[in-house]
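In order, the protein sequences belong to chains R and G. For the first sequence, the residue numbers in UniProt numbering are 1 to 912. For the second sequence, the residue numbers in UniProt numbering are 1 to 188.
Quick caveat, the hints were computed from the structure, so don't treat them as lab data. Check before you lean on any hint, since a few could be wrong.
Restricting the straight-line Cα-Cα distance to at most 30 Å, the calculated cross-link-like pairs of lysine-lysine (DSSO-like) are [claimed, not checked]:
| hint | chain 1 | residue 1 | chain 2 | residue 2 |
| --- | --- | --- | --- | --- |
| 1 | R | LYS168 | R | LYS256 |
| 2 | G | LYS154 | R | LYS212 |
| 3 | R | LYS421 | R | LYS402 |
| 4 | G | LYS160 | R | LYS212 |
Here are some chain G residues pointing at chain R (derived, C-beta under 10 Å) [to be verified]:
| hint | residue |
| --- | --- |
| 5 | GLY28 |
| 6 | GLU86 |
| 7 | LEU117 |
| 8 | PRO130 |
| 9 | TYR145 |
| 10 | LYS156 |
C-beta atoms are modelled at their ideal positions from N, C-alpha and C, and glycine is treated no differently.
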Amino acid sequence: MATIIIDCKTYEVPLGKNVLETCLNLGFDVPYFCWHPGLGSVGACRQCAVKVFKDADDKKGRLVMSCMEPVVHNQHLAVHDADTIDFRKQVIEWLMTNHPHDCAVCDEGGSCHLQDMTVMTGHHERRFTFNKRTYKNQDLGPFLNHEMNRCIQCYRCVRFYKDYAGGKDLDAYASKNNVYFGRAEDGVLENEFSGNLAEICPTGVFTDKTLKEHYTRKWDLTMSPSICQHCSVGCNTIAGERYGALRMIHNRFHEKINGYFLCDRGRFGYEFVNAENRIKQPSINGDVVERTELETRLEKIMKSAKVIGIGSPRASLQSNFALKTLVGEDNFYHGVSDHEHDLAELAVRILKDGPVRTPSTKEIEKSDAIFVLGEDLTNTAPIVALAVRQAVRQDLSGEPEKIHIQGWQDAARKNLQQQRKMPLYSATIHETKLDDICTSANYATPEDIARLGFAVAHCVDHNSPAPEHFPEALQVRARSIANGLLAAKNPTIISGAGCASSAVMKAAANVAIALHKNGIVVGLTYTMLECNSMGLTMIGGHRLSAAFNAVINGHADTLILLENDLFRHGSFAEVGDFLARCKNVIVLDHTKSDSTDRASVVIPAGTFAESDGIIVNNEGRAQRFFQVYESTESIQESWRWIINIGKTLQHPKLQTWQNFEDISKAMASEEPMLQNIDEVNPAVDFRIVGQRIPREPHRFSGRTSMHAHIQVSEQKPPTDDDSPLSYTMEGTRIQPPSAMIPFYWSPGWNSVQSVAKYQHEVGGSLKDGDSGIRLLEANAASSLVYFQGIPEAFVPLEHHLWIVPTYHIFGSEEMSAKSASIQKRIPTPYLLISAVDANIYHLKEQDIIKVSIANISYSFPIKINRNIPVGMAALPYGLCDAPINALPEWGIVETSPLTELHDYVRKTKVQH
Amino acid sequence: MQLTNRSKLVVKKEMNFWERMYLPAILGGVMITIRHLFRRKSTVKYPEKTREISSIWRGQHVLKRDDKGAERCTACGLCAVACPAEAITMTAAERKKGEENLYREEKYASTYEINMLRCIFCGLCEEACPKEAIFLTDRIVTTDYSRTGFVYGKDKLVEKVDDRIDVTKRQTLAVQEFKQQKQLSHNK
Ligand code: SF4
Ligand code: SF4
Ligand code: SF4
Ligand code: SF4
Ligand code: FES
Chain R
1 MATIIIDCKT
11 YEVPLGKNVL
21 ETCLNLGFDV
31 PYFCWHPGLG
41 SVGACRQCAV
51 KVFKDADDKK
61 GRLVMSCMEP
71 VVHNQHLAVH
81 DADTIDFRKQ
91 VIEWLMTNHP
101 HDCAVCDEGG
111 SCHLQDMTVM
121 TGHHERRFTF
131 NKRTYKNQDL
141 GPFLNHEMNR
151 CIQCYRCVRF
161 YKDYAGGKDL
171 DAYASKNNVY
181 FGRAEDGVLE
191 NEFSGNLAEI
201 CPTGVFTDKT
211 LKEHYTRKWD
221 LTMSPSICQH
231 CSVGCNTIAG
241 ERYGALRMIH
251 NRFHEKINGY
261 FLCDRGRFGY
271 EFVNAENRIK
281 QPSINGDVVE
291 RTELETRLEK
301 IMKSAKVIGI
311 GSPRASLQSN
321 FALKTLVGED
331 NFYHGVSDHE
341 HDLAELAVRI
351 LKDGPVRTPS
361 TKEIEKSDAI
371 FVLGEDLTNT
381 APIVALAVRQ
391 AVRQDLSGEP
401 EKIHIQGWQD
411 AARKNLQQQR
421 KMPLYSATIH
431 ETKLDDICTS
441 ANYATPEDIA
451 RLGFAVAHCV
461 DHNSPAPEHF
471 PEALQVRARS
481 IANGLLAAKN
491 PTIISGAGCA
501 SSAVMKAAAN
511 VAIALHKNGI
521 VVGLTYTMLE
531 CNSMGLTMIG
541 GHRLSAAFNA
551 VINGHADTLI
561 LLENDLFRHG
571 SFAEVGDFLA
581 RCKNVIVLDH
591 TKSDSTDRAS
601 VVIPAGTFAE
611 SDGIIVNNEG
621 RAQRFFQVYE
631 STESIQESWR
641 WIINIGKTLQ
651 HPKLQTWQNF
661 EDISKAMASE
671 EPMLQNIDEV
681 NPAVDFRIVG
691 QRIPREPHRF
701 SGRTSMHAHI
711 QVSEQKPPTD
721 DDSPLSYTME
731 GTRIQPPSAM
741 IPFYWSPGWN
751 SVQSVAKYQH
761 EVGGSLKDGD
771 SGIRLLEANA
781 ASSLVYFQGI
791 PEAFVPLEHH
801 LWIVPTYHIF
811 GSEEMSAKSA
821 SIQKRIPTPY
831 LLISAVDANI
841 YHLKEQDIIK
851 VSIANISYSF
861 PIKINRNIPV
871 GMAALPYGLC
881 DAPINALPEW
891 GIVETSPLTE
901 LHDYVRKTKV
911 QH
Chain G
1 MQLTNRSKLV
11 VKKEMNFWER
21 MYLPAILGGV
31 MITIRHLFRR
41 KSTVKYPEKT
51 REISSIWRGQ
61 HVLKRDDKGA
71 ERCTACGLCA
81 VACPAEAITM
91 TAAERKKGEE
101 NLYREEKYAS
111 TYEINMLRCI
121 FCGLCEEACP
131 KEAIFLTDRI
141 VTTDYSRTGF
151 VYGKDKLVEK
161 VDDRIDVTKR
171 QTLAVQEFKQ
181 QKQLSHNK
């Protein structure tokens with residue numbers, strides 16, 4: 001701690017921070033631009049000036065950039081002194097000379113850091129009367145809009161994009177008054193985190209293009225705290241609505257998960273909520289019906305039928321649990337392929353019974369060595385990939401401390417660090433976006449990845465089984481990885497369901513357990529395929545094939561399918577046959593799919609935006625998402641529909657449930673793995689000084705007119721029986737608990753930077769701590785022993801390809817792939833094969849290859865890859881109709897080369 | 001309980017014969033009516049006759065076009081935020097290539113509605129507008145047979161290209177001067 005004096009008042013503050021952060025923490029409004037808590041300081045904008053005095057007698061002092069000035073003991077500072085105020089006013093006047101006067105037109109207006117800072121410094125009159133610099137803007141693809149005239153040259157964008165996110169195609173060009181931030185030429189911004197520029201840029205240069213399509217000012221949105229539904233990481237988001245349509249997704253700060261950032265899939269995948277193919281009315285055999293008719297019909301069906309229920313890894317715990325209760329434990333099945341089911345169960349078992357803790361994303365960011373097995377993180381768990389990049393960027397050599405460079409001194413650290421980085425070892429089926437920072441990147445089939453993992457584990461601890469006939473060259477590599485991990489203090493091992501191999505996941509577990517036995521604090525992360533894969537596994541249920549058998553054997557004749565397109569989880573023929581055999585297929589879903597097409601009864605379920613629910617991320621953290629708006633159609637949450645059905649049937653348990661809290665309580669008491677799930681967020685009757693938490697900012701406009709075309713008299717806003725949030729602008733202005741912050745705002749701070757006011761200290765955790773409850777903790781008295789069963793080394797087969805799944809951030813996840821902007825980034829389907837195999841079959845890039853998988857013939861254009869092992873092929877998940885869920889599987893190559901293009905039949909899911 | 005000193009105890013007493021006839025009471029009422037027939041009228045025979053109004057009267061809004069005929073409003077939403085009756089709502093849209101003659105700015109209001117039943121004609125929307133787009137005029141909001149008719153959309157609010165509405169007259173010198181100043185610093 002240090003004692004410092006600001007404006008003649010004494011404060012006790014921690015050392016190791018810069019003056020800007022310290023002042024902000026103390027509540028001083030010091031304006032700044034180039035500094036960002038996630039990026040550190042470079043002193044580029046000169047906006048944050050304060051005065052430092054030599055000692056108490058020094059009356060003159062000197063101006064310094066507060067973001068570049070470390071806090072020292074007995075420091076005398078002035079924030080509000082005439083010279084500094086004047087200086088800051090001058091700086092912003094310079095910055096504004098070239099800034100257009102177009103807040104009214106600008107999308108950033110009303111949530112703009114530049115606006116806030118201009119008002120804060122008191123610059124209100126333009127004296128500059130000459131022509132302004134103007135630029136040509138670029139078309140940056142479907143996600144971001146570019147308006148370079150608004151730039152103030154703070155360099156945040158390139159620092160985030162290049163340094164933080166590892167992007168290659170955004171840069172600063174030209175000099176002096178003409179610096180340009182953009183790409184070398186028009187074109188799509190390639191980095192998977194490009195959307196963050198909309199929040200990082202303090203002005204309106206980069207703005208959300210999807211929001212522009214249905215533009216709404218921040219103050220006019222009805223917002224709710226939500227959880228991203230597009231991968232298993234569970235990033236926290238703010239979702240905003242107006243006029244009954246979801247308008248945007250923003251970052252919601254969670255210190256342990258996503259910090260200040262989101263990936264582009266999470267930010268732009270929301271458009272499926274507004275899509276044309278939403279199910280809005282209940283229908284029976286394709287005809288839209290009234291609710292009462294639906295209810296009588298359902299009652300009739302349910303009373304006489306033998307019903308089974310199939311749950312979903314993309315539906316909330318509440319919905320899955322309600323279905324399980326309705327159909328009974330014995331009749332509840334997981335709506336995922338058996339393969340996926342087993343992988344998820346394995347992950348939960350290892351993390352629950354094993355001695356190794358699964359770290360949060362934040363902890364991964366801080367680990368000093370990382371070993372990735374089989375997972376293409378950028379495409380399966382993007383924010384984890386971003387965290388891995390930060391871990392590698394750390395400089396833990398001790399050099400900076402020696403010459404007193406602190407963590408936030410970004411430029412100095414980078415200069416000192418040069419190429420030095422933390423070790424990252426990866427073994428994947430082909431190259432990944434993280435390869436540029438890898439110490440060693442290995443490419444192998446899942447079997448060989450597993451073997452390498454087992455070999456590493458064996459090197460770390462000889463009690464762990466070693467693979468047989470392991471080549472010496474690989475042994476050397478395994479040893480070097482093992483040494484790297486052993487040298488670390490808190491390494492992290494990352495694997496997951498991505499390469500569809502339990503052996504890979506077991507190998508990862510062995511490495512982690514071996515390190516643990518060496519007394520090293522190791523973390524083990526498994527990424528899953530869907531947002532609630534972990535939660536579904538924790539609820540328990542039978543495998544999907546058992547459901548098929550139940551119907552085939554006549555034990556059941558009616559199916560309730562919950563938010564699931566079964567065709568994604570089984571082969572077309574098998575699932576089609578299963579659905580045809582069921583006498584009644586009742587589907588609850590929000591979006592049309594092949595499964596809803598075959599349903600006799602379709603019930604309109606809410607998406608995350610129209611629902612309340614809890615999902616469990618891959619860290620085992622249960623998190624609540626809140627309804628953003630009540631749908632005006634018959635749409636409601638799946639669990640509410642199921643409660644309704646239960647009521648008509650006078651189901652003993654469902655009858656007694658009224659709202660979200662009742663289900664959560666029941667779940668907590670009945671599900672052994674979800675014991676404190678009802679504590680994920682405060683109770684429904686939680687109030688702050690007797691008031692609810694408003695979903696709308698106090699500036700929300702137009703409420704006596706926005707519905708006037710439907711009903712002139714102002715209607716009572718809907719009341720929320722499931723949460724302490726209200727659908728209005730009335731309510732408390734006190735900071736709500738972390739899980740329930742619907743938006744960030746503070747007087748004078750309208751932009752996203754206002755999150756600082758919600759944190760303990762700028763960049764640190766929220767005042768109320770981290771939201772969510774961790775359900776998986778390491779078991780100190782673990783009895784988990786090393787996994788055996790090491791697979792044989794992969795041997796290519798003549799005329800065969802060993803086909804494994806690969807993933808795309810855009811396209812592989814079901815719901816985001818229905819979003820219009822994401823669709824523009826989905827690649828056309830292909831089969832990735834090695835150059836050697838391409839030669840064998842006389843194929844060139846884009847030629848068609850014919851492969852038969854499980855006796856069905858498929859044709860794909862090929863992509864040739866240098867690194868993928870010979871005899872193996874990778875097929876992108878979710879892009880084509882091939883039975884991805886059955887992979888890995890041998891494909892018999894039927895190709896006679898140079899097949900005609902129109903000959904190749906596939907059902908493209910995306911219209912290009 | 002006695003709450004104030006002004007309260008009077010009301011007693012229900014039996015009416016006598018005259019009172020039960022009601023005639024004196026009715027005649028009393030008729031007398032009042034007759035007396036009023038000869039008094040000066042306090043209402044105006046609208047619409048044949050209109051009342052004199054002040055030069056800065058705040059009546060029905062207009063959404064102005066610029067001198068080239070393009071709509072000035074850029075759907076910034078400031079009028080809606082300023083409105084104390086929350087009576088304004090709009091949706092923004094991007095101007096496409098070739099629409100430059102229709103909309104002055106890159107963004108425009110694809111719908112713009114004022115609920116005239118809620119509006120209190122305070123003029124704050126006019127004051128808030130950074131684009132000189134919305135003004136209150138000396139026109140009177142006409143009556144209607146249905147409530148929905150009072151939700152004014154762009155069809156009623158935007159001035160016709162060939163029938164411009166002059167709003168300069170009704171602004172005081174001070175306002176005009178102020179606006180002149182603002183123009184100096186605009187969009188240079
Ligand atoms: S584009 Fe934005 S973030 Fe980049 S330098 Fe300009 S103002 Fe800063
Ligand atoms: S898709 Fe995954 S990484 Fe991306 S924002 Fe959503 S939860 Fe985060
Ligand atoms: S005059 Fe006043 S009440 Fe009427 S629309 Fe304008 S701001 Fe609202
Ligand atoms: S009328 Fe003026 S204030 Fe209102 S939205 Fe249009 S430009 Fe903005
Ligand atoms: S914030 Fe300190 S110089 Fe930019």
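Broken hints, by number: 5, 9 and 10
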